[in-house]
Amino acid sequence: MDSHDHPHDHSAHAEITDAAPGYYEIMETAVRELLIEKKLISPGEIRRQIEVLDSRTPALGAKVVARAWVDPAFRARLLADGRAACEEFGISFYDDTLLIVLENTDKVHNLIVCTLCSCYPRPVLGLPPDWYKAKPYRARAVKEPRKVLAEFGTEIPEDVEIRVSDSTAIVRYLVLPQRPAGTEEFTEEQLAALVTRDAMIGVVRINLEATNAL
Amino acid sequence: MSQTTDLLRKLPNDIGGLPAERIERTDHVLEPWEKRCHALADVLDFHKILNTEEKRRGVAALGAEMVSKLTYYERWIAAFAFILFEKRILTPDELARKMAEVEARHAKAN
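Here the protein sequences line up with chains U and L, keeping their order.
If you read the first sequence in the working numbering, its first letter stands for residue 1, the second for the next number, and so on.
If you read the second sequence in the working numbering, its first letter stands for residue 215, the second for the next number, and so on.
Extracted from the complex, chain L is given alone in its bound form (with noise of 0.2 Å):
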């Protein structure tokens, strides 16, 4: 086999088997904005908006670099801007006027 249908058969997140380090018992405490991040996945999936496979997709296509380098919760909400981009339910200018206007209001509140 190739090593190109490799990478068409493994895709990036396929990782079952591969080799891996010694498993480190990492966890913590949802911080306050990554539960409101998986509260909006959930509400979305409810509303057929956006399905748990979707959202998986959505993450692979991050591309390798950004899904080893953001958070677990960072790349959910790229993964879902992107996804509500591709079906024209947000636009890229709003998403960017609104984040400009969040930033605002917290630099204001402090």
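Isolated chain U (complex conformation) (with noise of 0.2 Å):
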């Protein structure tokens, strides 16, 4: 439970096409065609879970943030009930968690964490990044977040106040970062292409220059 969340050197093995699978690997193979087995699961729900997995990416998320930023009534929606929000913007949620959409101001940088595992928004954003998973970043994160901040690159204005919302299994946050000046004349599409994964974890912020998205 470290920065060495996944040891395994892939580079070694990405050569082998028909390498033998891991022990761990079996014991999945083993327990899902068991439950199949026993029909308590189809193999066509673990299909179209994947099918799902692969359609959550950051692009959906960013495609969120730049209506919240073009259209204020779809942004108040979308701060008073997050996954209401999304929903109606087309977004299903496959779990049973609250969305909780965090806006950044020129007063207040938010940042999500999940210290006790690796809850994330994940129907709007896929799965987590393995920096996110591992220790150093949710151990640091609720208690230094100027300087893991710092570590991504991040300097906040010592006004502005950091806030740190810790996920659970239920409740989710998504933040919601500034848009960024100099955007006024761009579409809702453009806008949403400036928009990364690690600005809607709160990690950096939205920077023109440093984009090159144009």
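Rather than coming from a laboratory, the hints here were simulated on the basis of the structure.
If you're wondering where the values come from, they're calculated on a predicted model, not measured in any experiment.
Some hints here could point you the wrong way.
[Unchecked claim] Computed Cβ-Cβ distance ranges for the label pairs, DEER-style:
| # | chain 1 | residue 1 | chain 2 | residue 2 | range |
| --- | --- | --- | --- | --- | --- |
| 1 | U | Glu51 | L | Asp228 | 31 to 37 Å |
| 2 | U | Lys143 | L | Ala278 | 17 to 23 Å |
| 3 | L | Ala275 | U | Gly90 | 34 to 40 Å |
| 4 | L | Met280 | U | Asp106 | 29 to 35 Å |
| 5 | L | Lys283 | U | Lys39 | 47 to 53 Å |
| 6 | L | Gln217 | U | Arg47 | 46 to 52 Å |
| 7 | L | Glu238 | U | Gln190 | 30 to 36 Å |
| 8 | U | Gly22 | L | His261 | 25 to 31 Å |
| 9 | U | Glu161 | L | Phe299 | 35 to 41 Å |
| 10 | L | Ala278 | U | Gly182 | 45 to 51 Å |
| 11 | L | His242 | U | Arg47 | 21 to 27 Å |
| 12 | U | Asp54 | L | Glu235 | 31 to 37 Å |
| 13 | U | Val52 | L | Phe296 | 22 to 28 Å |
| 14 | U | Leu208 | L | Phe299 | 52 to 58 Å |
[To be verified] Taking lysine to aspartate or glutamate pairs in the EDC-like style, the calculated list, with each CA pair at most 16 Å apart, reads:
| # | chain 1 | residue 1 | chain 2 | residue 2 |
| --- | --- | --- | --- | --- |
| 15 | U | Lys63 | U | Glu87 |
| 16 | L | Lys269 | U | Asp96 |
| 17 | L | Lys249 | U | Asp54 |
Quick reminder that beta carbons are idealized off the backbone N, C-alpha and C, glycines included.
Hints given; two lone chains; assemble the complex.
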């Protein structure tokens, strides 16, 4: 449970195509097949859920953010009830989680974490990056967020409050980043292209010069 | 507060606020079996066989050594197996037999 969340050297077995599956991979296959034989789950459900997982990427969250930037009424609904607003936008929630959207302003910068494990707004961002699940981020984000942000290259002015929100099995968070200056003429699609996963976790701010989006 | 009280109040996965090393921006593309493992967890949740909180507790119950040495999805599948034993949905014998069968199948295919 440290930064070596995934210690295997993947480059090493990238070339081996017929490698025998590892012990835990065999266990996964065995558990799944037994549950299917007992008719507790079906193979179709697993396949469908893999498709659902594949369909969830930060591009979805980026579209939500861009819409909130251009549509104040949507933004208000999103901040009032994140899940309902996302569902209205066409993003289904395949789990029982609530979504709280945290708005960054000139006075407040938000950061999300899951200190206990790896809870994350999966319906809108997909699966979390490994560093989000590893000990250094989980342990330190709630204690020294400015130092953590500095390690991501993010400097937040001293007069801006940093709020860290700790996710749970039921309550998930999404950061609504600030719309960068100089984007007044951008279309919604151009705006969405500026919004990154890390900005919606809150570890970076959206910087127009740094994105080269145009 | 005594040291043992501390142990109870702060379970092993409750690491918020502890000192830790510098953040390395690690990530990897999930291997097919890791993605299947994730989908399996979601499907078990849909059927109310195993929820997120049970999964988290199941991983913690593996103990500090396994938690530190297994990868993320290795911890998950090991935890699922123990939870399914506890719930009497699977037996250890059954799983061992099925794993041997899966292994033999792969050996034959190669």
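Comparing the hints with the structure gives:
1. Between Glu51(U) and Asp228(L) the beta carbon distance is about 35 Å. The supplied range of 31 to 37 Å therefore holds.
2. Distance hint for Lys143(U) and Ala278(L): a CB-CB separation of about 21 Å, consistent with the stated range 17 to 23 Å.
3. A C-beta distance of roughly 39 Å is found between Ala275(L) and Gly90(U), which places it inside the suggested range of 34 to 40 Å.
4. The hinted window of 29 to 35 Å between Met280(L) and Asp106(U) is violated, with their beta carbons roughly 46 Å apart.
5. Lys283(L) and Lys39(U) have their C-beta atoms about 35 Å apart, which leaves the hinted 47 to 53 Å range violated.
6. Separation of Gln217(L) from Arg47(U) is about 50 Å and conforms to the stated range, judged on CB atoms against 46 to 52 Å.
7. Remark: the range hint 30 to 36 Å for Glu238(L) to Gln190(U) is upheld by a beta-carbon distance near 32 Å.
8. Between Gly22(U) and His261(L) the beta carbon distance is about 27 Å. The supplied range of 25 to 31 Å therefore holds.
9. Against the hinted window of 35 to 41 Å, the Cβ-Cβ separation of Glu161(U) and Phe299(L) comes to about 48 Å, which falls outside the hint.
10. The given range of 45 to 51 Å is respected by Ala278(L) and Gly182(U), whose C-beta atoms sit roughly 50 Å from each other.
11. Taking the beta carbon of each, His242(L) and Arg47(U) are about 23 Å apart, inside 21 to 27 Å as hinted.
12. At roughly 32 Å, the beta carbons of Asp54(U) and Glu235(L) sit within the given window of 31 to 37 Å.
13. Distance hint check: the CB atoms of Val52(U) and Phe296(L) are about 26 Å apart, consistent with the given range 22 to 28 Å.
14. Against the hinted window of 52 to 58 Å, the Cβ-Cβ separation of Leu208(U) and Phe299(L) comes to about 54 Å, which satisfies the hint.
15. Pair hint Lys63(U) plus Glu87(U) holds up; C-alpha atoms about 13 Å apart against a cutoff of 16 Å.
16. A C-alpha spacing of about 15 Å is found between Lys269(L) and Asp96(U), which places the hinted pair at or below 16 Å, so the restraint holds.
17. Proximity of Lys249(L) to Asp54(U) is assessed by CA-CA distance (about 9 Å); at most 16 Å being required, the pair is judged to hold.
Comparing the model with each numbered hint stated earlier shows that hints 4, 5 and 9 do not hold.
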